[in-house]
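Colleague: Each chain, letter by letter, is given below.
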Amino acid sequence: EVKLVESGGGLVQPGRSLKLSCAASGFSFNDYWMGWVRQAPGKGLEWIGEINQDSSTINYTPSLKDKFTISRDNAQNTLYLQMSKLGSEDTAIYYCAREGWYLSAYVMDAWGQGASVTVSS
Amino acid sequence: DIVLTQSPALAVSLEQRATISCKTSQNVDNYGISYMHWYQQKPGQQPKLLIYEGSNLASGIPARFSGSGSGTDFTLTIDPVEADDIATYYCQQSKDYPYTFGAGTKLELK
Chain R
1 EVKLVESGGG LVQPGRSLKL SCAASGFSFN DYWMGWVRQA PGKGLEWIGE INQDSSTINY
61 TPSLKDKFTI SRDNAQNTLY LQMSKLGSED TAIYYCAREG WYLSAYVMDA WGQGASVTVS
121 S
Chain C
122 DIVLTQSPAL AVSLEQRATI SCKTSQNVDN YGISYMHWYQ QKPGQQPKLL IYEGSNLASG
182 IPARFSGSGS GTDFTLTIDP VEADDIATYY CQQSKDYPYT FGAGTKLELK
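Chains as they are written, first to last, in this note's numbering: chain R, 1 to 121; chain C, 122 to 231.
Since the hints were derived computationally from the structure, they do not count as laboratory data.
Take the hints with a grain of salt, since some may be wrong.
[Unchecked claim] The calculated lysine to any residue pairs, modelled on SDA-like cross-linking and capped at a C-alpha distance of 20 Å, are:
(1) C:K216 <-> R:G100
(2) R:K65 <-> R:A40
(3) C:K169 <-> R:S55
(4) R:K43 <-> C:Q162
Since the model is a prediction, treat every value here as computed from it, not as a measurement.
Work out the full structure, taking the sequences as your base and the hints as a guide.
Modeller: Laid out in structure tokens, this is it:
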């Protein structure tokens, strides 16, 4: 069974940093692109970025590129999201997702249950 | 960025057909492939992949779900609607970076 479990969320003060982890199991982690998506309270989904199998290619949504860093440790089957200079607008549930290759595109075919991040003083 | 536009909500009766639309600000087709995908999200749960590349049913998804369209106009159809289908549905494009989602269509019961 494919399983993605996020951790590291919580309450953080504005301007501080936080690092989320996503532990993967049930599939060969180092064969897949992985990504992060967030969802602000009562809002829609926002793509944050993705990382390829050997970390040689990382793509971000431009508005978050200077604040967020995606990385992975294939030996630990773990995906990371380092977030810095956090503001109230970063309050959201953060999902990690596996990107499977389907016919001609990478598609987010498995999702974690999400990690809640609240930015508040 | 490619903007995806969805209607905020759709009211439907059980056992009827639901048609959810997604219009994109730019063509999301390339070499005959539509880089358009659909997800279902129930309250308090993570999104789930329903349809990929415009019209392909993801593994384990019931055949009452179908996707169609090309270019800038896409549709997710649920026929017939069951009670378990009450959720929010998102379209997403992967033609260009950054990947973008529609704002979601909340399927409600009439």
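Colleague: If a hint holds in the structure, say so; if it does not, say that too.
Modeller: Do the hints match the structure? See the list:
1. C:K216 <-> R:G100: Between K216 (chain C) and G100 (chain R) the Cα gap is close to 15 Å, so the pair holds against 20 Å.
2. R:K65 <-> R:A40: 18 Å, holds
3. C:K169 <-> R:S55: 25 Å, violated
4. R:K43 <-> C:Q162: 12 Å, holds
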